[in-house]
Amino acid sequence: MSDAQVKTLGERQAFPPLLSVDGIKVHYGAIQALKGVSLTVGKGEVVALIGANGAGKTSTLRAVSGMLKPSAGRIQFNGHDTTNMKAHQLVPRGMAHAPEGRGVFPNMSVQENLELGAYLRTDTSGIQQDLEKSFTLFPVLKERRKQMAGTLSGGEQQMLAIARALLSKPQLLLLDEPSLGLAPQVTEAIFRTLREVNATGVSVLLVEQNAHLALNAAHYGYVLETGEVVMAGPGKALLESAEVRRAYLGE
Amino acid sequence: METPAIPVPEARSAVPASLRGLLPVLLALPVLALFQWLMSDAPFASYLLSVVGVNIILAVSLNIVNGMTGQFSIGHAGFMAVGAYISGVLSLNLKDVALSFLPVAVSDQVFFVVSLLVGGLAAALCGFLVGLPSLRLRGDYLAIVTLGFGEIIRVVVQNTDAFGRALGLSGIPQTSSPAMVYFWVFLTVLVARRITGSSHGRSLWAIREDEVAAEAMGVDTTGYKVRAFVISSFFAGIAGALFAHFVPIINPGSFTFVKSMEIVVMVVLGGLGSTTGAIVAATFLTLLPEGMRSLFTLLGAEGSLAQKVDQIRMPVYGLLLVALMLARPQGLFGTKEIWDVLPRWIPRKRRGLA
Ligand SMILES: Nc1ncnc2c1ncn2[C@@H]1O[C@H](COP(=O)(O)OP(=O)(O)OP(=O)(O)O)[C@@H](O)[C@H]1O
Ligand SMILES: [Mg+2]
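Residue numbers (the working numbering), protein chains in the order written: chain F, 1 to 251; chain P, 1 to 354.
If you're looking for bench data, these hints aren't it; they were derived computationally from the structure.
Mixed in with the good hints, there may be bad ones.
Unchecked claim - Straight-line distance between alpha carbons at most 20 Å, and here's what the computed EDC-like set of lysine to aspartate or glutamate pairs gives:
(1) P:Lys336 with F:Asp81
(2) F:Lys146 with P:Asp340
(3) F:Lys69 with F:Asp81
(4) F:Lys142 with F:Glu132
(5) F:Lys86 with P:Asp220
Extracted from the complex, chain P is given alone in its bound form:
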């Protein structure tokens, strides 16, 4: 008859509860391995895929704050930088260390994962330190503070020898792979989706809708906002750490305000609150410059235009954003997910689940 008062997420399948968390991971691993094998002979495709993956992690994690919680963070690149530099320095220092009882490749991967986690945790800690004071207040404090944070990180890096100053940090072991990147993409999306479906997600939704009312209902608004922000920062740190292990050099130029805005654009384009929207937008906006580059190359404009792509990227983003605000202010998918907005003729069991 009536819908139950509190919708409790129901068990959707006959999979035993003990396996339910593990099963998607088990299913994902072979796909990733296949992927890795396909990529092993195509360094550029593998690089591009990694960049797409890193941007997906960044957009999906920023969406937890800007979309699901309705806060406005514009310093995501700062957290990415923390992850990149902390894990980068760690990996540089552990370069010559190996676990003797393991094959070298495996040992390298173990150290890589450790340094990823350290980078992610360092970013999460920064997220906590930045988030706690600014999220206790309502309003635009978070935007101001995250903006400042991004700049502070950049200045610190530029003035620290251990971080290679403006020149950057090179020689970080290139232990990353598309498989590792997409494993983390998968984890990020899994966490984001789990949040949406949980009571945590309901609390964030209430905060986004009306923070005062949410507080009056007994939602611990500060606690939930800070937790969302810390989770988001953690994955930004992971994204940065992954990035540091597949590009030849990291320098402060990779983590500027422009990078932060790029991620904001991805989230807004996908639809604030939509995880699949963030994935689609991140993929699209990462491949867009590559597409333009190939197009110009095809058109024979080799040297000049093709190289200008990076310069015209931001104006193109800006135009896209303006066009979007005029045509579809809620973003591609609004707060919905892709299966909610797919055309009716595509049979999809979960469609209509708003």
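If we strip away everything but chain F, and leave its shape as in the complex, we get:
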């Protein structure tokens, strides 16, 4: 129903369907955080979800990854209805969520954090390989593999959070504000890595307040406002739209 108000710009590049979110609503007690959000992510696609503080970006990701249950609407992932599934059922199906604020396990070493990323996997040799892969992707983590995660810098923690999420071997990576509190160079490094990750076939649903970065990196983007999608379009098209420039790029 809220779909009617979505202003859509430009043509979307075609990807095979992977995730489809259809009119989900989320309530926290009396507060309605999502009023019917619909979006899709294709296989191999990077989709950005931008919006102001409190727009409902985190709530959307949490509903998708099974960390909270929507009160209405439907979520389909990889052809299955996953609306009522919990996170521990979705992780083995290929969904990984790097939560807002990084959420590394502070009193565990970098290595132990990464191992927990592979929590539900049993293929020991595959895990070992992927561990090496994540050290190639983030060399700084290899140097610090014995260090307690809580003592890492903010940027290193973010890298760890992403690397850890990737260790579950996801098809879809949900990232909540990876640039939060990081210096521009560190953020750029992280986004470069994201492109590498995407190049290996992993789809990404990226939540960002830094609209410029996110839309540049994304094939497609959605603009969320007070619990509703108000605009959608290819990343570049959104970047060029006057409304987005005014509201989210401070012009």
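Assemble chain P with the ligands onto chain F, guided by the hints.
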């Protein structure tokens, strides 16, 4: 070269796998028997040892929830009460029943073990009913609900004739012994250590560290928390059941909020997450009042001061806790075990195993 991705607990000895679970039990039994024989002529020492043992079971089991899982339960005495009263009433009713094909003493012990298990299971069931709704939520719900649970149990007991109301329940057969108590101490510690070393322990550790992240990694956080809580409640029930069978009378006064706090203090003092810490702290804090009592008696303050020990116990605990928070907020051993923190000059193969 590199440490393996998932540390699988390795077989540590040449003991055949089929015996590995059984062997410690076999080794423990003679020690317990010797112990029992040494104690048989000293009723007070045997009573004191039993109390220490019961408190160790309580502290080690509470540590599974408050330490390993990072939740906050403050109603452990409530589960202890469930175990004590259920098994107590059962034993009272079975008092005159005996298995005719067994010697009376053996028959009594069989009924005792049955009533222990029934008490433990009743407490575990309560743990499930209390834990499921409150552990599905994050935050301090568990503290509030367990606090309420402890009080509800007390009120129920005080108003039920079958439980002896405020007067208490007496005449429960005194079938317990230090050997039986320490057998359960041993089982509790064994279970706690098994949890730590297993994938269950890893999951609990992740939950304690960051529950949201643990959930995102695919840890069934609710399931693991509830399981930990049920196990913990079971052993609290066993502790209560043991207690009921070596004290002359149980009454609601033995299972108040003060008792729950006493157990929390033991766990915090030992170090949240440390099983050996809980053992040391429980032993120390149980013997402390006895030590004070003897000291005052020695000093000749017989009547007055020595009797005040029980009254000043809680303030002393409080002071200890404050001092500890200032000097060593992580508790005696933090999340480590005693062999990890022993001085270097004590050769210990397992030291350094954090
Ligand atoms: N646990 C909660 N309890 C109550 N209200 C909540 C809860 N979590 C989020 N909200 C509310 O829901 C709305 C959407 O929150 P959400 O965290 O999804 O926004 P967001 O777009 O991620 O914001 P930010 O950019 O600040 O992270 C907000 O109004 C917020 O206050
Ligand atoms: Mg957010």
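Unmet hints by their number, sorted upward, for this structure: Of the numbered hints, just 1 does not hold.
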